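Residue numbers (the numbering used here), protein chains in the order written: chain A, 1 to 174; chain B, 175 to 1091.
Partial list, derived from the structure: chain A residues whose beta carbon lies under 7 Å from chain B:
id, residue
1, Q38
2, C39
3, G40
4, M41
5, A44
6, S45
7, Q92
Examples of chain A residues lying across from chain B (beta carbon under 10 Å, computed):
id, residue
8, K35
9, I37
10, T43
11, E89
It should be emphasised that the hints constitute simulated quantities derived from the structure, not laboratory data.
Bear in mind the structure is a predicted one, so any value in this text is a computation, not a measurement.
Virtual Cβ for every residue (Gly too), placed ideally from N, Cα, C.
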Amino acid sequence: MVETKGELKQPSLHHPSSDFSEEIANEPGGEDITKCIQCGMCTASCLVAKYTDRYRPRRLIQKILLGKREEVLNSELPWLCMTCRLCEERCQEGVSLPEIFGAVRKIAAREGKIPNVFKSTASLVLKDGWMLKDTYTDFIEDDRDDLGLDTDLNWDDDFVKKIKKKYFKEDKTR
Amino acid sequence: MTIEKASGPSSQPREDERTTPAALVIGGGVAGMQAALDIADQGFQVHLLEKSPSIGGRMAAIDKTFPTLDCSACILTPRLSDVSRHPRIDLLTYSEIQSIHGEIGDFRVRVRRKARYVIEDACSGCGDCVSVCPVELPNEFDQDLGFRKAIYTPFPQATPNAYTIDKKGEPACRDTCPAHVNAQGFITMMKTGDYARALAIVRDSIPFPGVLGRVCISFCEGECERGYLDESMKIRNLHRFLADWERTQDVIEPVEPSIDKDEEVAVIGSGPAGISCAYQLARKGYPVTVFEKQPLLGGLLRYAIPEYRLPRDILDEEIQRVAEHGVKMKPNNPVESIEDLKKRGFKAIFIATGTWECNETGVRGEDAEGVLHSMEFLKKVNSGEDVEIGKKVVVIGGGDAAIDSARVAIRLGAEEVTLVYRRSGIEIPAIPSEVEDAKEEGVKFMLLTNPTEFLSSDGELTGIRCVKMRLGEPDYSGRRRPIPIQGSEFTMAVDTAVVAVGQKADIHGVQTDCECTKWGTVTVDEVTLATNEPGVFAGGDIVTGPLTVVKAVGQGREAAISIDRYLRGIPLDEGRAERLHRVQSYEVDKSQKEQAKGAVMPKQGLASRRNNFTEVELGFTEEVARQEAERCLGCANCCECKLCVDACTREAIDHSMKDEIMDLDVGVIVLATGYKLFDVSRYPQYGYGKFSNVIHAMEYERLINAAGPTMGHLVRLSDGKIPENIGFIQCVGARDVSKGVPYCSRVCCMYGIKNAVMAKEHHPDCEVTMYYADIRAFGKGFEEFYEMARTRFGVNFVRGRVSEVNENEENGNLIVRVEDTEKDIVHNVEHDLIVLSPGIQPPEGMGDMVVELGMDLAIDGYIDVADRVITPVDTKLAGVFVCGCADGPKDIPDSVSAGSAAAMRATIILNRYQDKS
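Isolated chain A (complex conformation) (with noise of 0.2 Å):
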């Protein structure tokens, strides 16, 4: 059962061990990761579960708890939070589920961890300044047009050239 895309290895047996969970508790977001029992209603609430079986907010809490480290940063799940915040709002231990996969997110981009489909968004966004340039065909075009809009969006890449400026030339040069 490892979930794991990058490497299939041998599930071995693993020892478990607090070192992850408090790497994250260190990590902003992540203090409160050892108040979890448990209990389920995250995943009960999970609006992300109720499409996939692959996605189950407790069980990825849980390998954290466990020390699971290398899976879980090597795992794209903590990616598919989408921030509703629903098991936030209803968790009776007051664990805040989004913050801690935030950090955890934090830990493996450091590490250089980012699923290819989430890098090569940012990749788009940083290309044409913004994500749905290849989407906006001649039919959105005529749409736009018969609903009376501007047919022209006016959009230029002023913004990330100022993003680019600012953050990754200036990275380059230090």
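Put chain B on the given structure of chain A with help from the hints.
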């Protein structure tokens, strides 16, 4: 909440005469009872104070105890009688703490003993009153699942064994009515179809159900709570219906005069005030003589109000009924002077001569022929005299007399009737329905217009000159003052003008024997209606100036009370200005009521009514009246129909009972105030209050209890179906940081298991599932009980908190979404009944009491104890102890242990003070 001690040092014993102090136990639940019994058994006096009508607390409402599955009532009720029969326990039920002062050994506690309206010692608990009570209310002991009457005991073994009347105070309608007619009372009796009793309730306050049912301005309807929901009750028309109903009966119960006193009373004037006073006095047994100047009785009711509004047979019959009470009526009998009456042997006199003189406009030309004044005009018409009236009539004024004059003019054949009023339609003081009727009949309204001159030729009226007005700032009466608009004068040709700009008292009238104002009205005490002459009282228009009929009737009634007191030598004003608590709008639950408009009064058709004086309003049919009565919200709960008083053979019911203030001197206080259940509707995802088959554990207790609303049949409340698959949801309002209840309530796991087991006991084939996060089976025998539930009873335990409950709309079943964390699957499970197991919280009002004591609450809202380990029942205040759930959740055995412990700690203190004395 604190009330300073009014009684001063007298209630506080001096040092040398102080005896052994008593103990006060606050809260009559099982812990408080135990503490009281233990203190009393050690020889000390105990006051046991309980807020509700009976001791027993929560345990009395619980069906079975865990883990032994003993019957809760079977264990509790012997203790109830132990407490009630203990010679050293003073039971103060239905009481509340008002203030606490002092310190250990010498607490001074002020207690409000709420009026039960039943004398505890006299009531035998037979229940004869219950069967006659017409008011049904939700039974809070059964968690509002069933109904109880307004006179009730919470449960059959209630202690003390005395009934309680649930009376919130005085409903708005009755409080507003100048004559204090018990509208809620008679309407409630109408609901039951007992019109005779309803009529008797009306006649208790007024002699005129039919007359006031037609002409009353009905202040009550303006204040009716139902008006905040949809439309006010048609109170006036309902008591008119009662009067009409009586006239259709073959046999009318005759009046039996009960004149048994000797002091003669004279009433001057047979108008509404005079007749009302004579009626009330005659019912009290006084021989009364009514003197009337006019040839016929009724005063302005007869001579001012036209017949189409008030048929004369109705008036005659109701006055005749008063005469049948033994009142001597003397028409054509003007009174010369008050002195003269006194000489003739009257011990008390009531002046109710009314205001018969007409105000004048003071406008030039008012003396022209063709200018009439409303009182003389109406009097002539109402006396049956022929009155000549022109074709074009103008009526000046906006009061009832003006509207009456205008409508009479139409009936006398005037072709065009115009009403000239100087303010706008909003300020018009006449009864709105009368204004509407007048408009329907063709009266033209010329508003914001004022006459400036009556034009005449050869002394005969030819027209009037008027000026247009606009409204300025409000004047002393609160209405906007009319201001003439310069240059807007105009002239109208008219044949007859009727001036109806108010009435005034005859400044030479008989009332001038007493102290009067410059307007000729009598100066009286506002409450007692006493004049400066001893034994002489006055009421009605002669005191107030021209006002409403019902105000006059009310003053007649008040004067009768004063005269009775005067003749018996009782202080006139004692306790009279004190008003009963008026039921406030927020005290009336309107949330469950459906909207329904009020009944519409049927009227005679326009064509047939315009040329004669037959009655316009036709009255309600029985069906309409019953339907209208059903709309009454019953604001005060008890309707004071007093059927219970008649039913009680021991004279134990006293509706005039008032709350009593008691001062207690006690040495120690034990707090046993219990808990409240968490309000499960704060979890909207569980659908409590929205889905009828989601209930909470306390409701479930009452459902499975043999004395409960279903006689112990466990059924679904929505459709009465026997549940085949019940789900219990744990930790609802416990261990939830987001709801402010982070602590474990300690009892829910076990009572939840008990409830699950009881479901199996009731219906062995029923599937029972419990959804939990942990099972905390920490007490003796608890783990075994849990084991037994699993193995022997076959209760399914699913580890996982339920995220939401949805309803299957087809069958009312409930779909629970939960992750079974042991099996790692997310389920949607269908149940036909869901029981939420709420956590427990500190009771309401505990904060107030703790502040009163000068203590603090712990952060969780419970009472803080001095040391959790060594002194678990001592609070931080010396001499104050705590037991039961007041300092934190406990089960029954722990509460009882704490009760005994607190009792022991308390008696140690009491012993110390005993040694001193």
